[in-house]
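Visitor: Generate the whole structure from the sequences, applying the supplied hints.
Protein chains: 2
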Amino acid sequence: MTTDLILLAHGSGGKLSHDLVQRLFVRHFSNPALLPLDDSAVLEIAGPAGMRLAFTTDSYVVSPLFFPGGDIGKLAVCGTVNDLSMSGARPLWLSAGFIIEEGLPFADLEQIVASMADTARQAGVQVVTGDTKVVDRGSADRLFINTAGVGVIAPGVQIGGQRARPGDAVLVSGTLGDHGMTILTQREGLTFDSPLQSDCAPLNGLVASLLAAVGPGHVHVLRDPTRGGLATTLNEIASASQAGIEIDETSLPVREAVRAACELLGLDPLYVANEGKLVAIVEQSVVSQALAALQRDPLGAEAALIGHVSDRHPGRLVLHTALGARRVVDMLAGEQLPRIC
Amino acid sequence: MTTDLILLAHGSGGKLSHDLVQRLFVRHFSNPALLPLDDSAVLEIAGPAGMRLAFTTDSYVVSPLFFPGGDIGKLAVCGTVNDLSMSGARPLWLSAGFIIEEGLPFADLEQIVASMADTARQAGVQVVTGDTKVVDRGSADRLFINTAGVGVIAPGVQIGGQRARPGDAVLVSGTLGDHGMTILTQREGLTFDSPLQSDCAPLNGLVASLLAAVGPGHVHVLRDPTRGGLATTLNEIASASQAGIEIDETSLPVREAVRAACELLGLDPLYVANEGKLVAIVEQSVVSQALAALQRDPLGAEAALIGHVSDRHPGRLVLHTALGARRVVDMLAGEQLPRIC
Chain A
1 MTTDLILLAH
11 GSGGKLSHDL
21 VQRLFVRHFS
31 NPALLPLDDS
41 AVLEIAGPAG
51 MRLAFTTDSY
61 VVSPLFFPGG
71 DIGKLAVCGT
81 VNDLSMSGAR
91 PLWLSAGFII
101 EEGLPFADLE
111 QIVASMADTA
121 RQAGVQVVTG
131 DTKVVDRGSA
141 DRLFINTAGV
151 GVIAPGVQIG
161 GQRARPGDAV
171 LVSGTLGDHG
181 MTILTQREGL
191 TFDSPLQSDC
201 APLNGLVASL
211 LAAVGPGHVH
221 VLRDPTRGGL
231 ATTLNEIASA
241 SQAGIEIDET
251 SLPVREAVRA
261 ACELLGLDPL
271 YVANEGKLVA
281 IVEQSVVSQA
291 LAALQRDPLG
301 AEAALIGHVS
311 DRHPGRLVLH
321 TALGARRVVD
331 MLAGEQLPRI
341 C
Chain B
1 MTTDLILLAH
11 GSGGKLSHDL
21 VQRLFVRHFS
31 NPALLPLDDS
41 AVLEIAGPAG
51 MRLAFTTDSY
61 VVSPLFFPGG
71 DIGKLAVCGT
81 VNDLSMSGAR
91 PLWLSAGFII
101 EEGLPFADLE
111 QIVASMADTA
121 RQAGVQVVTG
131 DTKVVDRGSA
141 DRLFINTAGV
151 GVIAPGVQIG
161 GQRARPGDAV
171 LVSGTLGDHG
181 MTILTQREGL
191 TFDSPLQSDC
201 APLNGLVASL
211 LAAVGPGHVH
221 VLRDPTRGGL
231 ATTLNEIASA
241 SQAGIEIDET
251 SLPVREAVRA
261 ACELLGLDPL
271 YVANEGKLVA
281 IVEQSVVSQA
291 LAALQRDPLG
301 AEAALIGHVS
311 DRHPGRLVLH
321 TALGARRVVD
331 MLAGEQLPRI
341 C
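So the sequence lines, in the order shown, correspond to chains A and B.
Using this note's numbering, the first residue of the first sequence is number 1, and each one after it goes up by one.
Using this note's numbering, the first residue of the second sequence is number 1, and each one after it goes up by one.
No wet-lab data here; the hints were simulated from the structure.
Just so you know, not all the hints are guaranteed correct.
One copy or any two copies: either way a pair holds, since identical chains are not told apart in the list.
[What the hints assert, rightly or not] In silico SDA-like links for lysine to any residue, alpha-carbon gap of 20 angstroms or less:
| hint | residue 1 | residue 2 |
| --- | --- | --- |
| 1 | K15 | R316 |
| 2 | K15 | E101 |
| 3 | K15 | D136 |
| 4 | K15 | P105 |
| 5 | K15 | L267 |
| 6 | K15 | G103 |
| 7 | K15 | Q122 |
| 8 | K15 | F106 |
Guide: Spelled out as structure tokens, the structure:
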């Protein structure tokens, strides 16, 4: 590493996070299931009872614990359900590991656990195993939650960041930046005329609808643009597939309140976290069915075609701006919004 | 709950932990896979490709991060490998979620990750998916790690706390209290003539040897006596099976240095955490083969028969003391040793 200490930016989901993953985790843990670095590992169980499982984990350290549109518990279920869904898996089971700072009000914990249970029911998954650790005051900030998840991948599904191909269409399931700007404005105590609300939602139903509508073989990549936002996610896909991705600024759906908050705070919605949106890269031939399938679901009502995969500038994300310019958009550098999820 | 705030003892693995699990997690998350409250959830995948998976999670918050015999990374791999093994599963895949306090030296993190990778190789498992979060200084204590794990349970294996039956033999795979007393004496800065060392080790090989030697159907319960120690583990089994468990104080293997440290600090080795030991409850007819199988493995060299399951005092653990008395031993009350794992 170029630095001797771990910095906040190592957890940003952006460039330093990727460096850490490559130089530390990939080097030490290297194995075929880890290497694609997709949202979930895909695991083959061999033999007559063979099948493919998806397995993923995320820790949640969001501050504050409660925010408009959700709380850390809802986030912890949605995030892991969504990571499983992005491999095309049907999410089935979650684990829940709680790290609690001594002194957390029991009522807060109960509200969060109830929220996890509600969200799990909504997503049709079960929390089947768990763990609780309590640390002394000052050794954690109220509550951290880890969830891991297991799902089953149906035959015919082949989804992964490396599968984007020139000609494919790039869709996004709705407006960008709602979650990140909600957390940030809560933390800063800012209020706006039209209040912001996190988009935090389980996307497994939306993915199932999409796969059913266009056939699983025509969906090449699914990814939820969380930490680092859409720009980082599309950079990851461009890098994994060694294809170029071109998007049109005017086609990007952004809520007016989010746009205003971003302008006020000097942030770019392209880099702001989402917790209830997905990027789908599908074959050009199915783009209208795909868009229609997404838009039929309330969670995809504002889905949009935002660009395409190209054979120019492999590994790069290029934005066609509203003014007709084009610029290369890199993944997030530094840490824009710590503890957003 | 009888209290309005979460206390350290809620994370002890003892009585308050069990209250929290029952009154909060079981109530909100209730489902058939969660309810046995064994070390792993056992998940049935139906259909022609049906199989049974084990799934478990633990967070590790041990302080200090490095200790004689291991570090938080080794512990995080062993703990989850062992929880899977205690369901009779063959552990296959782990996730790793890191919550890092800003400012942790990169070299410390690398040493811990390398230790995880070494231990995973030793146990024959792969770390296939992960996540890193970084929180600001003061919001965590250096490093917490969550691991979740997935394994496959072979046909014929039926292991669970509720399966202890009167007449069964109770075995322990080696000396008690080594891990907990190592951490505690490190933290207190105590030194002894014969230095203490954590027993932290992956037990999947030992379990495989045991199952192969006596046949999977004859092993009724496996459990690793971690937080809360042997007394808490045997209480859990007695409670789950509604059988009584009787153990002989004189048969309990305890290293002299651990005994001395416990006496000095006023602790009972029955309640001190182990990280490389298992309790096996097997049919009486296979006890000598079981003991021999354990003792053939270096990790079970000091295995001992310590008691039996009884039809008296159902749900209770009874200790026959060295002086010929008998006393009921309850699960750990309060918090003896915070942040031991």
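Visitor: Next step is simple, just say for each hint if it's right about the structure.
Guide: Evaluated hints:
| no. | hint | result |
| --- | --- | --- |
| 1 | K15 x R316 | within (14 angstroms within a copy, 56 angstroms between copies) |
| 2 | K15 x E101 | between (30 angstroms within a copy, 19 angstroms between copies) |
| 3 | K15 x D136 | between (33 angstroms within a copy, 18 angstroms between copies) |
| 4 | K15 x P105 | between (37 angstroms within a copy, 19 angstroms between copies) |
| 5 | K15 x L267 | within (17 angstroms within a copy, 49 angstroms between copies) |
| 6 | K15 x G103 | between (36 angstroms within a copy, 18 angstroms between copies) |
| 7 | K15 x Q122 | neither (34 angstroms within a copy, 32 angstroms between copies) |
| 8 | K15 x F106 | between (38 angstroms within a copy, 16 angstroms between copies) |
Of the numbered hints given earlier, the model fails hint 7 alone.
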